[in-house]
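There are 2 protein chains.
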Amino acid sequence: MKPLIVKLGGSVITNKRRRFTVKRATLTRLARELSVAKGPLVIVHGGGSFGHPVASKYGIAEGYKSKDQLMGLSLTHRAMERLNSYVIEALQKASLPAIAVQPSACAVVSGGRIQSMELTPIQKMLALGLIPVLYGDAVPDLSKGMSILSGDQLVVQLARELGGKRVILGVDVDGVYTVNPKTNKNAELIQEISLSNWPSVEKRLTGVVEGRDVTGGIANKMRELLALAERGVEAEIVNAAKPNILKRAILGEVGLGTRVVAR
Amino acid sequence: MKPLIVKLGGSVITNKRRRFTVKRATLTRLARELSVAKGPLVIVHGGGSFGHPVASKYGIAEGYKSKDQLMGLSLTHRAMERLNSYVIEALQKASLPAIAVQPSACAVVSGGRIQSMELTPIQKMLALGLIPVLYGDAVPDLSKGMSILSGDQLVVQLARELGGKRVILGVDVDGVYTVNPKTNKNAELIQEISLSNWPSVEKRLTGVVEGRDVTGGIANKMRELLALAERGVEAEIVNAAKPNILKRAILGEVGLGTRVVAR
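If you read the sequences in order, they're chains A and B.
The first sequence: position 202 = 202 (my numbering), numbered continuously.
The second sequence: position 103 = 103 (my numbering), numbered continuously.
Think of the hints as simulated: they come from the structure by calculation, not from any bench.
Some clues are possibly wrong.
Stated by the list, open to error - Chain B is nowhere near these chain A residues, computed Cβ spacing over 10 Å in every case: (1) A98; (2) A105; (3) L128; (4) R204.
Claimed, not checked - Calculated lysine to any residue pairs in the SDA-like style (CA-CA distance at most 20 Å, straight line): (5) K93/A x F20/B; (6) K242/B x V201/B; (7) K2/A x E161/A; (8) K93/B x K144/A; (9) K144/A x L128/B.
All residues carry an ideal CB built from backbone N, CA and C; glycine is no exception.
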């Protein structure tokens with residue numbers, strides 16, 4: 001059975017302004033909302049105030065340049081594992097048998113892109129009834145030495161390789177806006193992005209879904225989701241910071257935020 | 001360059017009598033001793049009072065039988081990650097750029113044995129100068145549903161596949177004894193185990209290197225190490241609970257405990 005793939009954005013589950021601070025109450029609520037999922041589920045989460053500041057400090061995304069980046073990669077990964085452990089614990093408390101899957105242990109990355117990924121353990125976990133939980137990670141990179149493997153890239157890779165049935169991206173605003181809705185009152189929510197309207201939508205996009213991060217912009221993200229939609233996997237970008245929106249999306253409701261479809 | 005592979009036994013780094021209790025001072029000392037290693041280094045650690053009690057409670061090693069084992073696997077893995085985080089932190093504090101490698105994310109296991117393992121990320125980590133740190137883990141199993149992948153099996157697999165130059169197993173007694181030295185005064189330390197003396201040594205073995213664990217007995221361990229020795233990788237079993245023994249072994253001293261050689 002094809003899994004549902006849910007991404008929890010870093011700005012949803014962490015306090016982006018305070019380093020290494022998790023939003024515990026939000027995580028508890030999200031774990032409860034995730035528990036309504038019937039059938040196989042894969043969770044991917046971002047780095048928020050755990051991974052990003054450390055990765056930025058050491059320039060991990062720019063590739064290997066100096067020896068001190070080794071400790072930087074070590075520290076970035078540990079920061080992500082710490083955040084991951086909060087997520088796993090919240091899920092366990094909601095009686096969900098979640099299990100971490102370390103991206104830097106199973107993905108072979110080159111030039112910041114996944115070249116191949118060992119998926120057999122994840123497939124077996126899903127078949128058993130476990131919930132694999134992946135996360136954006138600092139990874140060794142075959143060509144750049146090291147790079148950042150974003151949660152978004154993992155979502156797309158997993159949806160493609162596992163034949164995901166649907167992707168839900170939980171962010172901290174209502175969906176994709178033309179400009180940043182947190183700083184611009186004229187921001188307009190885009191309800192649907194499709195292959196046909198993308199060229200005109202792209203021109204209007206000057207904002208972001210989430211705050212700035214080290215993993216690339218919104219346009220790249222949309223292009224990846226459109227490629228996924230072409231393969232039959234629809235994506236929903238919804239506001240997971242608002243109670244019950246993620247739950248309703250998991251239960252099948254569409255149009256809660258921005259849909260990314262082929263059409 | 002071929003890596004040195006060091007195993008830290010669970011009974012060396014944890015207090016086996018008190019659940020989820022790490023020996024912090026020992027870890028700090030061992031991290032300092034490990035820092036004398038020149039060239040690539042891989043560390044593998046056992047489960048001690050973290051992984052074993054949880055794995056035992058849910059019968060993970062016996063394979064999948066009932067749904068409550070899913071939460072058991074989830075909890076066992078989390079316990080091992082917690083222990084691993086203490087190890088990683090101790091290594092980071094000793095300025096060693098250590099990085100966890102989750103076995104359940106990259107090893108494909110069937111019938112409790114590694115069938116294949118994605119080693120490219122580990123090889124790239126080593127080439128960069130990072131220190132991969134693996135651990136005994138609860139894993140999905142293609143034939144049994146779930147099983148335990150022991151640190152010892154990982155050591156042998158890594159030494160074989162990475163072409164390890166030498167293996168050092170740190171335990172909490174002076175080496176391999178004929179009987180358990182902790183409970184029997186007539187225990188004799190075996191200084192060398194080789195292909196030629198193994199049949200007679202095996203008959204004398206009624207003891208254990210470490211306390212009882214869920215990962216199988218000493219005879220199996222010796223047979224694996226002998227197979228490794230046949231391929232040119234010598235093993236040393238030394239007392240890592242005593243200060244400076246591990247360090248001296250890393251610096252190249254032999255005969256500190258039990259040597260496993262081909263001959």
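Consistency of the no-contact label for A98/A, given chain B and a CB cut of 10 Å | The claim breaks: A98/A does not keep its Cβ more than 10 Å from every Cβ of chain B (closest is about 6 Å).
Hint consistency between K93/B and K144/A [alpha-carbon to alpha-carbon, up to 20 Å] | Distance of about 27 Å is beyond 20 Å: violated.
Assess, step by step, whether the Cα of K242/B is no farther than 20 Å from the Cα of V201/B, and give holds or violated.
-> Status violated; Cα separation ~25 Å.
Taking 20 Å as the top limit, are the C-alpha atoms of K93/A and F20/B close enough?
-> holds (19 Å)
Holds or violated: K144/A to L128/B, with C-alpha atoms at most 20 Å apart = holds (11 Å)
Has the given pair, K2/A with E161/A, been kept, meaning a C-alpha gap of at most 20 Å?
-> Holds, at roughly 10 Å.
Does A105/A really sit off the interface, with its C-beta more than 10 Å from all C-beta atoms of chain B?
-> Since the minimum Cβ distance to chain B is about 4 Å, A105/A lies within 10 Å and the statement is violated.
Can we confirm that no CB of chain B comes within 10 Å of the CB of R204/A?
-> About 40 Å separates R204/A from the closest Cβ of chain B, which puts it past 10 Å; holds.
Far enough from chain B: is every CB of that chain over 10 Å from the CB of L128/A?
-> The assertion about L128/A is violated, with a minimum of 6 Å to chain B.
The structure does not agree with the numbered hints 1, 2, 3, 6, 8 stated previously, though it agrees with the rest.
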